[in-house]
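With chain F's structure known, arrange chain B on it following the hints.
In order, the protein sequence lines correspond to chains F and B. Each residue of the first sequence is one higher than the one before, counting from 1 in the working numbering. Each residue of the second sequence is one higher than the one before, counting from 1 in the working numbering.
If a hint is listed, it holds; no wrong ones were tucked in.
Derived contacts from chain F toward chain B, CB cut-off under 7 Å, selection only:
#	residue
1	79
2	110
3	111
Here are the computed distance ranges between Cβ atoms for each label pair:
#	chain 1	residue 1	chain 2	residue 2	range
4	B	3	F	142	56 to 64 Å
5	B	153	F	137	25 to 33 Å
6	F	160	B	120	20 to 28 Å
7	F	176	B	219	33 to 41 Å
8	F	225	B	120	33 to 41 Å
9	F	113	B	202	45 to 53 Å
10	B	222	F	113	25 to 33 Å
11	F	142	B	20	46 to 54 Å
12	B	202	F	80	54 to 62 Å
13	B	160	F	28	57 to 65 Å
14	B	13	F	142	49 to 57 Å
Source of the hints: derived by calculation from the structure; they are not laboratory data. Note that the coordinates shown come from a computational prediction; the quantities given were computed from them, not determined experimentally. Virtual Cβ for every residue (Gly too), placed ideally from N, Cα, C.
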Amino acid sequence: MEQTPVLKVEDIRKRFGEKEILKGVSLEINRGDIKAIIGPSGGGKSTLLHCINFLTLFDAGRVFLNGEEIDHTDRRRLYAYRQKVGMIFQDFNLFDHLSALQNVQIGLVRVKKIPKARARERAVAELERVGLKEHMDKYPAELSGGQKQRVSIARALAMDPEVMLLDEPTSALDPELVGEVHAVIKRLAAGGMTMVLVTHEIAFAGSLAREILFMDEGVILEKGPPQEILYGAKRERTREFCDKIIHFHHKDNG
Amino acid sequence: MHLSISAGMKAVLEGLPYIMGGVWVTLVVVAGALAMGLLLGTFLAIAHVYGNRALRTLTGIYVWFFRGVPLLVLLFLFYFGLLGALHLDLSPFFVSIVVLGLISSAYQSEIFRGAILSIPEGQLKAARAIGMSDFQAVVYIILPQAFRLSIPAWTNEYTIIMKNSAVTYALGVAEIMARANHVAARTYQHFWLYLLAGFIFLGLTSAGTRCLGLLQKKVAIKGYAR
Numbered sequence: 001m002e003q004t005p006v007l008k009v010e011d012i013r014k015r016f017g018e019k020e021i022l023k024g025v026s027l028e029i030n031r032g033d034i035k036a037i038i039g040p041s042g043g044g045k046s047t048l049l050h051c052i053n054f055l056t057l058f059d060a061g062r063v064f065l066n067g068e069e070i071d072h073t074d075r076r077r078l079y080a081y082r083q084k085v086g087m088i089f090q091d092f093n094l095f096d097h098l099s100a101l102q103n104v105q106i107g108l109v110r111v112k113k114i115p116k117a118r119a120r121e122r123a124v125a126e127l128e129r130v131g132l133k134e135h136m137d138k139y140p141a142e143l144s145g146g147q148k149q150r151v152s153i154a155r156a157l158a159m160d161p162e163v164m165l166l167d168e169p170t171s172a173l174d175p176e177l178v179g180e181v182h183a184v185i186k187r188l189a190a191g192g193m194t195m196v197l198v199t200h201e202i203a204f205a206g207s208l209a210r211e212i213l214f215m216d217e218g219v220i221l222e223k224g225p226p227q228e229i230l231y232g233a234k235r236e237r238t239r240e241f242c243d244k245i246i247h248f249h250h251k252d253n254g
Numbered sequence: 001m002h003l004s005i006s007a008g009m010k011a012v013l014e015g016l017p018y019i020m021g022g023v024w025v026t027l028v029v030v031a032g033a034l035a036m037g038l039l040l041g042t043f044l045a046i047a048h049v050y051g052n053r054a055l056r057t058l059t060g061i062y063v064w065f066f067r068g069v070p071l072l073v074l075l076f077l078f079y080f081g082l083l084g085a086l087h088l089d090l091s092p093f094f095v096s097i098v099v100l101g102l103i104s105s106a107y108q109s110e111i112f113r114g115a116i117l118s119i120p121e122g123q124l125k126a127a128r129a130i131g132m133s134d135f136q137a138v139v140y141i142i143l144p145q146a147f148r149l150s151i152p153a154w155t156n157e158y159t160i161i162m163k164n165s166a167v168t169y170a171l172g173v174a175e176i177m178a179r180a181n182h183v184a185a186r187t188y189q190h191f192w193l194y195l196l197a198g199f200i201f202l203g204l205t206s207a208g209t210r211c212l213g214l215l216q217k218k219v220a221i222k223g224y225a226r
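Bound-form chain F, shown alone (with noise of 0.2 Å):
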């Protein structure tokens, strides 16, 4: 019996003006799966995985959570939704005026209603979950890029998502930060959670997601196992631009 996907898009579909940015993109992932997307800037997976979690409203498509279909229209089973698909930003977007515990409690407080002790308790442990139980009482301010970062995770954790989306997790990280942001990823998929990530970290995709979509101009060009893709892709623009990036990596090695 086939399974049915944990989280599935069909046809999304969105223009910002004149520029259509999303020209019917469709994507399905299975539970436990870790899915890779990759591509040139501009070229659109940012705004999908905006558009999955109904950050950014698309003009048609569908996305299905669990075999069934999210109308976000209908706020209290959108907030209940998001919950479920948890959203990991490029700049960590932290709450500012809330320590890191606090950032961590306060959807457990406020959206899941969970009494404050144990809503503490729950935050101290996801927390301790990405090395950070030490830094609890700190403020965003007086945290480093990658512990942001992995406080974000936290944040996301403790919603007990179904469903990982991971927007350049590591792309505004100075480049010694950007492993301790890798590690607690590949934890994440050791533990078997289902990912959605964006990245440009060719290297760290590869090693982690079983497959790889190539996304440019609004469309999902082509997609398949990291080593295919990446290595041997059929599409020219795809190879150019793993091409390019793999060299680059080269260099940038040493």
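Same frame as chain F, now just chain B:
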């Protein structure tokens, strides 16, 4: 013209208890107006930032009106004009609080609007992404930060309302200025009594500014500088 210090001091000392009684009246008028301005101003700012075009237009007109018409005109318009037309019997004290409150709400809404807009939009997205409603996101994420950022400008608003409250003497509110005026008319020591009124206001604006400065320090976010 000559200023007799001894006659002046005598009038000041005699009038002092009476004039100081006006401090309470002034404080209640100012506190009432600022509280009303805070509440209304917050709603106006939210309506302006997050509302649709109609709401934005309405709040825009409101702010434009109450920022552009002089306080004295509004006091007379409401007290002598509107109350009479509506056959309402309200005290000058009450009308003064309302009029100052309406004006302050227009200014405060501008303060909060700027502060709300300076909070990075990503935080609103992040709040939605963990399942918060827009209302929750504004109440728990945006406003706590916007209010903190507003304290310096709000301190300014406090001093302006404090000083402008003296104008309510024109409706016969027995605040500091009205009482100083009263004693001056009786003793002919205008210079000393208005000087006294001036120093009382100076004390009130200074004390308030100092308190708000302490509040700003107290609620400052650690490690955060903008």
